[in-house]
Amino acid sequence: MLETRSRAASLRGLWRRSVGSARLAVLSQFEYRFNLIADTVIQPVLTAVVEVALWWALFWSIGTAAGLAAGEATLGGFGRDYYLSYALWAAFFSRIYASWMYEFRMTEEIDTGAVNSILVRPLGFYEYYLAQFMAYKVMTAAITLSVWLVFTQFFDSQTIFSRLPLALALAFFHLFLVHTISFCIASCAFFYNRVHSFTVAKNISLWMLSGELFPLDLMPEPLRSILINLPFACGVYVPVGYVTGRFGAERVWSGFLSIAIGLVVFGLLASVLWNAGRRRYTGQGA
Amino acid sequence: MGLVRRHLHLAHSLLRASFMADLEYRANLAVKIVTDIIWYAAMLSVFEVLFRHTSTISGWTIDTTRVFMGILFLVDALWMILFSENLDRFSEKIRRGDLDMYLTKPVNAQFMLSLQKWMVAYVGNLLIVLGWLAWSLSRLPDGVPWERLPLLLVVVPCALLITYSIRFVFATSALIFTRADALNYIWYQIYRLGTRPDAIYPPAVRIVLLTILPVGFVASVPARVVVQGEGIWLVGVMIAFASAAVWLSTRFWKYALRFYTSASS
Chain A
1 MLETRSRAAS LRGLWRRSVG SARLAVLSQF EYRFNLIADT VIQPVLTAVV
51 EVALWWALFW SIGTAAGLAA GEATLGGFGR DYYLSYALWA AFFSRIYASW
101 MYEFRMTEEI DTGAVNSILV RPLGFYEYYL AQFMAYKVMT AAITLSVWLV
151 FTQFFDSQTI FSRLPLALAL AFFHLFLVHT ISFCIASCAF FYNRVHSFTV
201 AKNISLWMLS GELFPLDLMP EPLRSILINL PFACGVYVPV GYVTGRFGAE
251 RVWSGFLSIA IGLVVFGLLA SVLWNAGRRR YTGQGA
Chain B
1 MGLVRRHLHL AHSLLRASFM ADLEYRANLA VKIVTDIIWY AAMLSVFEVL
51 FRHTSTISGW TIDTTRVFMG ILFLVDALWM ILFSENLDRF SEKIRRGDLD
101 MYLTKPVNAQ FMLSLQKWMV AYVGNLLIVL GWLAWSLSRL PDGVPWERLP
151 LLLVVVPCAL LITYSIRFVF ATSALIFTRA DALNYIWYQI YRLGTRPDAI
201 YPPAVRIVLL TILPVGFVAS VPARVVVQGE GIWLVGVMIA FASAAVWLST
251 RFWKYALRFY TSASS
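Quick mapping for you: the protein sequence lines, in order, are chains A and B.
Under the numbering used here, the first residue of the first sequence is numbered 1, with each subsequent residue one higher.
Under the numbering used here, the first residue of the second sequence is numbered 1, with each subsequent residue one higher.
Please note: incorrect hints may appear among the correct ones.
Stated by the list, open to error - Derived pair list, reagent style DSS-like, types lysine-lysine, alpha-carbon separation capped at 30 Å:
id, chain 1, residue 1, chain 2, residue 2
1, B, Lys254, B, Lys93
2, B, Lys105, B, Lys254
3, B, Lys117, B, Lys254
4, B, Lys105, B, Lys117
5, A, Lys202, B, Lys117
6, A, Lys202, B, Lys93
Hints are computed from structural coordinates only; laboratory data are not their basis.
Note that the coordinates shown come from a computational prediction; the quantities given were computed from them, not determined experimentally.
Work out the full structure, taking the sequences as your base and the hints as a guide.
Quick look at the structure:
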């Protein structure tokens, strides 16, 4: 009885501390408002413009070659409007999964020894940054989504709005995996002095594997099947494909499973790296 | 003349120091090179996949697009060697007050900030890129345009200077906004506009990319000059744009410095 009560108290404490970290993340974002607008509006809008332009030109070319209007041409069984919607939503979902700032911070804290101050706190390093990362993503995604809802009306895009909550749930579940990978990379800072390039390599790889560049099913087999079934596809390809009607909910559910497996794999790796790194680490200073 | 010689001597010293510093963090260095190769693969995969479904995109075929990508990678490799590390850390230098050190030195601060750290290891990427460009040129249906190849010696440095100038303005804006991390991402998105042939964009966007934000000069115009032989006048335009861009970036740097308040003690 006592044990159950103390466990509940401990969970409540963890929740309170996580909420505190999350609040800190939100407040620090509002400190630099221009940075926030650039991050949540300007950058995703520019991404969308680049991608929409490419697909527009592509369909114009396909249509011209086949003697059809651009709107009548198809690619991989889908028409121009479908791909424009894909490009539009891919720009939105890619903003959610991208992880630069917090990964750099985690790496720098370990690299510079500032991690000491977090190690002595009653909240773990992973949880401390997870709370901040999630709060930041919820806030920025909410702002960007409000712009995107206007955008999709303007472009008259092929969007099934009733599917948006499940797609967002998948994208945010995928963030646990993204954060765990970030934690693995940050833990490498215990062993190497500079690991910033690991972050860049990881993000460019995810850029390819997530389906941000193009729908993964345009890839030739067997690459297509492999990439679609990897958990990284849940960053962009699966939620966007679901929202735009490329496939049904069954792929989203298999996406949840795929992420869960990914979490176990990267969770184990993170645990090994973190524990080995801490054994190796010698904290200095107050 | 003495000033130029002094700066060349300084650049040589910085190159040597950078080479030694690079060797200190070998794992980081190796990952950086591999990262750039992954980026090349990602960029190529877009067009390689799309051209499986169509023979042309806005007049560009798979062969001409490969040359376009080769020129883009060439400018990128030079960019990575010379400027990338310096300008990527610009915002950090301002926040930490390191800028004071550059401003008080008896050399041009813009020169020092832009060229202090060379990424010598990317020479390996440069060789890979040159190999790709040579291969893509040899695959052109009309053969290698030998008579236009020397123009690369003019248009590529011009493209590099234009890229540098725009990026420098973005980096310098950190003096005004203090925290301009997102501006770096915006720069990257604008740069992405230049990583596609300009012909694919609607006329209005195309005009912007060839005037206000001249990333169309990074690879599209050089590729048009070399592959399509669109006229020597484009080379003149590139030289004029590169000169104007460098001049404007210097003016902006001097203007932005007025907002700088030292962060160090």
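Hint check:
1. B:Lys254 with B:Lys93: Holds, at roughly 17 Å.
2. B:Lys105 with B:Lys254: It holds: about 16 Å lies between the C-alpha atoms, which stays within 30 Å.
3. B:Lys117 with B:Lys254: Holds - the C-alpha atoms of lysine 254 (chain B) and lysine 117 (chain B) are around 22 Å apart, at most 30 Å.
4. B:Lys105 with B:Lys117: holds (16 Å)
5. A:Lys202 with B:Lys117: holds (24 Å)
6. A:Lys202 with B:Lys93: holds (25 Å)
When the structure is compared with the earlier hints, no violation turns up for any of them.
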